[in-house]
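Heads up: the protein sequence lines correspond to chains G and V, in order. Residues in the first sequence are numbered from 1 upward in steps of one, following this note's numbering. Residues in the second sequence are numbered from 1 upward in steps of one, following this note's numbering.
Quick caveat, the hints were computed from the structure, so don't treat them as lab data. Be a bit skeptical, because a hint or two may be false.
If the Cβ cut is set under 10 Å, some of the chain V residues that face chain G in the computed set are [said to hold, decoys possible]: (1) Thr65; (2) Asp79; (3) Leu80.
Computed from a predicted model, the values in this text were never measured in an experiment. Note that the Cβ used here is the ideal one computed from N, Cα and C, for glycine as well.
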Amino acid sequence: MRPSDLLIPLPAGLYCPLADLFIDPVKPVERALITHGHSDHARAGHGSVLATKDTLGIMGIRYSEHFAAQMQIAHFGEPISINGVQFSFHPAGHVLGSAQIAVEAKGLKIIVSGDYKRASDPTCLPFDPQRCDVFITEATFGLPVFTHPDTAQEIEKLLRSVALFPERAHLVGAYSLGKAQRVIAIIRAAGYDAPIYLHGALEKLTAYYVAQGAKLGALKPVAGVAKEDLQGAIILCPPSSIQDLWARKFPDPVTCFASGWMRIRARARQRGVELPLVVSDHADWPDLQRTILETGASEIWVTHGQEDALVHWCQSIGLQAKPLNMVGYGDEGEAEAEPSTP
Amino acid sequence: MNRFAELLDRLAYEPRRNAKIRLLSDYFSTTPDPDRGYGLAAITGTLDFLHAKPAMIRTLIAERTDPALFALSYDYVGDLSETVALMWPKRETNLTNHSLGLGEIITRLSTAKKSEIPALLANLLDDLDETGRWALLKLITGGLRIGVSARLAKTALAQMAGFNVDAIEEVWHGMAPPYEPLFEWLEGKGPIPSTNNPVPFRPVMLAHAIEESDFTALDPADFIAEWKWDGIRIQASSGRDENGNILTRLYSRTGDDISATFPDIVEALVGLNGTIDGELLIIRDGKVDSFNALQQRLNRKTLSSKLLSENPAAIRAYDVLFIDGMDMRERPFHERRKALEALIKKLSSPRIDLSSILSFDSWESLELLRSRPETSIAAHDAEAIEGCMIKRHDSLYVAGRPKGLWYKWKRDPFIVDAVLMYAQRGHGKRSSFYSDFTFGVWKGDELVPVGKSYFGFTDQELIEIDRFVRKNTINRFGPVREVSHEPELGLVFEVAFEGIGASTRHRSGLAMRFPRISRIRWDKPPREADRIESLEILAAQGRKKS
Ligand SMILES: [Zn+2]
Ligand SMILES: [Zn+2]
Numbered sequence: 001m002r003p004s005d006l007l008i009p010l011p012a013g014l015y016c017p018l019a020d021l022f023i024d025p026v027k028p029v030e031r032a033l034i035t036h037g038h039s040d041h042a043r044a045g046h047g048s049v050l051a052t053k054d055t056l057g058i059m060g061i062r063y064s065e066h067f068a069a070q071m072q073i074a075h076f077g078e079p080i081s082i083n084g085v086q087f088s089f090h091p092a093g094h095v096l097g098s099a100q101i102a103v104e105a106k107g108l109k110i111i112v113s114g115d116y117k118r119a120s121d122p123t124c125l126p127f128d129p130q131r132c133d134v135f136i137t138e139a140t141f142g143l144p145v146f147t148h149p150d151t152a153q154e155i156e157k158l159l160r161s162v163a164l165f166p167e168r169a170h171l172v173g174a175y176s177l178g179k180a181q182r183v184i185a186i187i188r189a190a191g192y193d194a195p196i197y198l199h200g201a202l203e204k205l206t207a208y209y210v211a212q213g214a215k216l217g218a219l220k221p222v223a224g225v226a227k228e229d230l231q232g233a234i235i236l237c238p239p240s241s242i243q244d245l246w247a248r249k250f251p252d253p254v255t256c257f258a259s260g261w262m263r264i265r266a267r268a269r270q271r272g273v274e275l276p277l278v279v280s281d282h283a284d285w286p287d288l289q290r291t292i293l294e295t296g297a298s299e300i301w302v303t304h305g306q307e308d309a310l311v312h313w314c315q316s317i318g319l320q321a322k323p324l325n326m327v328g329y330g331d332e333g334e335a336e337a338e339p340s341t342p
Numbered sequence: 001m002n003r004f005a006e007l008l009d010r011l012a013y014e015p016r017r018n019a020k021i022r023l024l025s026d027y028f029s030t031t032p033d034p035d036r037g038y039g040l041a042a043i044t045g046t047l048d049f050l051h052a053k054p055a056m057i058r059t060l061i062a063e064r065t066d067p068a069l070f071a072l073s074y075d076y077v078g079d080l081s082e083t084v085a086l087m088w089p090k091r092e093t094n095l096t097n098h099s100l101g102l103g104e105i106i107t108r109l110s111t112a113k114k115s116e117i118p119a120l121l122a123n124l125l126d127d128l129d130e131t132g133r134w135a136l137l138k139l140i141t142g143g144l145r146i147g148v149s150a151r152l153a154k155t156a157l158a159q160m161a162g163f164n165v166d167a168i169e170e171v172w173h174g175m176a177p178p179y180e181p182l183f184e185w186l187e188g189k190g191p192i193p194s195t196n197n198p199v200p201f202r203p204v205m206l207a208h209a210i211e212e213s214d215f216t217a218l219d220p221a222d223f224i225a226e227w228k229w230d231g232i233r234i235q236a237s238s239g240r241d242e243n244g245n246i247l248t249r250l251y252s253r254t255g256d257d258i259s260a261t262f263p264d265i266v267e268a269l270v271g272l273n274g275t276i277d278g279e280l281l282i283i284r285d286g287k288v289d290s291f292n293a294l295q296q297r298l299n300r301k302t303l304s305s306k307l308l309s310e311n312p313a314a315i316r317a318y319d320v321l322f323i324d325g326m327d328m329r330e331r332p333f334h335e336r337r338k339a340l341e342a343l344i345k346k347l348s349s350p351r352i353d354l355s356s357i358l359s360f361d362s363w364e365s366l367e368l369l370r371s372r373p374e375t376s377i378a379a380h381d382a383e384a385i386e387g388c389m390i391k392r393h394d395s396l397y398v399a400g401r402p403k404g405l406w407y408k409w410k411r412d413p414f415i416v417d418a419v420l421m422y423a424q425r426g427h428g429k430r431s432s433f434y435s436d437f438t439f440g441v442w443k444g445d446e447l448v449p450v451g452k453s454y455f456g457f458t459d460q461e462l463i464e465i466d467r468f469v470r471k472n473t474i475n476r477f478g479p480v481r482e483v484s485h486e487p488e489l490g491l492v493f494e495v496a497f498e499g500i501g502a503s504t505r506h507r508s509g510l511a512m513r514f515p516r517i518s519r520i521r522w523d524k525p526p527r528e529a530d531r532i533e534s535l536e537i538l539a540a541q542g543r544k545k546s
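Based on the sequences and whatever the hints tell you, model everything.
Right under this line is the structure:
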């Protein structure tokens, strides 16, 4: 069996003809397997969805409880057989509930890794490397300039700034699923124990994380808090809000953005960011390389991001590699569209 | 180095002037000597690494990375120092001198032989983190571009110590990195640094633009008037050092030492033994030449004897700050003027003459002189006059722009000094140049755009402006570049226009009719550009050019 008999990149997503289902489809389909809850991977309107318990929980919050006609929980490491094809879910370390999906038939094994990272994250299970023949990798940060620094060190930068400007509010733009909760968890690990304020758009997902056991300390909605009480406060909001009118109601805010893109100065300045925090939920260049080698795969398919550089590197070490050129994922942002108002 | 790198990193993202000052003061008060002194030197542009050119940095990175990956990365990042800083391979072994101070790094780099520099630099890059690498590469290629001028850094020092920034300017020119006596003095641990330099720059006194309404409140009998010449404000000094050798200096109004550009003037200063304030002009056979003739002598690296003889420079003196080591600044103008007259007479140099005092008994009679200088002086000189200066008899020489002492009354009301804010690519044969300029004037602490123009300059000037735009770009929006426009860092245009009216098109609420760039004021810092109030007054008066 050739890899292209097992999985085919179609406009709607990766398609498995033997099982007649799609993985992370960007259009409504009859049967979908979903790696994680970011909105470019997890869309509403499918007939049936197979995903981890937390991914289903997150989709329920994002859309409505009835985001699909049928939902089935996939347990990590427990294979499910569909028409002779074995599917199994393994932690991807990206956000709560995120999974790599292994697709195996007649001795050929493909891993669809979805989005993943190798850096530590107290709010989700760590990436679990799987041996395979074909590894499908994202390439959001697929250039050698992307080496994410230690996250604790970035949060230290934020806390030093809070100490230096005690009369200013620190407004931290963070994606509402995963990034915001991880940032809070690391702020807590650094010993900061004052209440952290949340933009309305972050409240539900953060509450879900807390309900699943994340230790995030005292959290308060920022709406309705008096301006003078926010001096020296840390406020988390969706990235799109840091430049909004909404941001102007805070005391002389320092605008921060927690994202892997912040490693590039021009990107930070474009966004009007004053304190860039390089915190990413995607693998950086060295981790992409390390992961590709650890899978033992001889063939690498590269999707969403800087495909060219990663394909070039794979080929330079003798691996077969090709870009998948699928549209609808990631693109410029860090993988998800955000509502701009609470 | 880490601390300095963090400071640069933070400054590069900080748009607020006050926050920049805070970051700088924090750095200066928490960083030990000599590192903070070298940091100060780096920010004020007093360091020069002649050996580290971009080509060398490209060679170093090419030896360490895959060329295809470097090309893709450079293309994505768009900045050489940043790309190299981010891509530089991590050293696997333990870091040896991770905490190397900025001072140590600068000393090593500046004492190394040219042939040793690449290996030394590679070694340093190996030991730094990426912010450190970025800062080091920016530092050695001379392109910090963090929107901080020397003046702002000094303001931060002043704020840290609770001093006036002019007190720092007073001692600044006698000092060198790492400025330890300066910091001791600022922290109250040492005496005021004795400037071994007998010819330091002294902060200059500036005039306010006079407004129509001022005249009723001002008594002409309290004032003297002089022509306002269309040259460059300078300060000229000579004095003896501790060994008895005569030193001479010619400074621009901002304290840049321009002695090397004007050897003819410097020669004439030898017998001065004091400090005078005046206008630098080109005076040929007793006639004042155009500003263009002066422009040809500015920013020259080499001076031909032909240029010197064809465009001879001269000083038209109007004030004196020091004579024989005596500080004259605390004396009233009329006393200083007497002393100046005696000094210029004693000097009897064809290169230094006196600014003449105009006789007038009412503002009306001064107005006649101002609007028609050709009726009282030679027609040729009249063209080089841009108005009058009005000074109180009893005005002390006060650094900065004190209120109520000196006024300028420009000849053409429709001239403003505006600051370049945005530049756009031109069309046709100018498509490779940034040739459409949007400029602004001050409104409170910020610049607001007031007009746009794409002519008034020569092709040669366009090349120079274009170079400035490219070097000082802080943002890009398609074909438009935002150019640095900080109080101390930016480019001032003298803009001439036919009139001004209300407009909703510009954020300033004003629009100029037929604005053109009448001159490029390379010598003028943006903070001295005009303010919106002067334009609003013009708009309210609705006057037309006569
Ligand atoms: Zn994702
Ligand atoms: Zn993705």
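To see whether the hints hold, each was checked on the structure:
Evaluation of the threonine 65(V) hint against chain G yields a held restraint, the C-beta minimum of about 7 Å falling below 10 Å. A least Cβ separation of about 7 Å between aspartate 79(V) and chain G falls short of the 10 Å threshold, and the interface hint therefore holds. For the restraint placing leucine 80(V) at the interface with chain G, the shortest Cβ-Cβ distance is roughly 12 Å, beyond the 10 Å limit, so the hint is violated.
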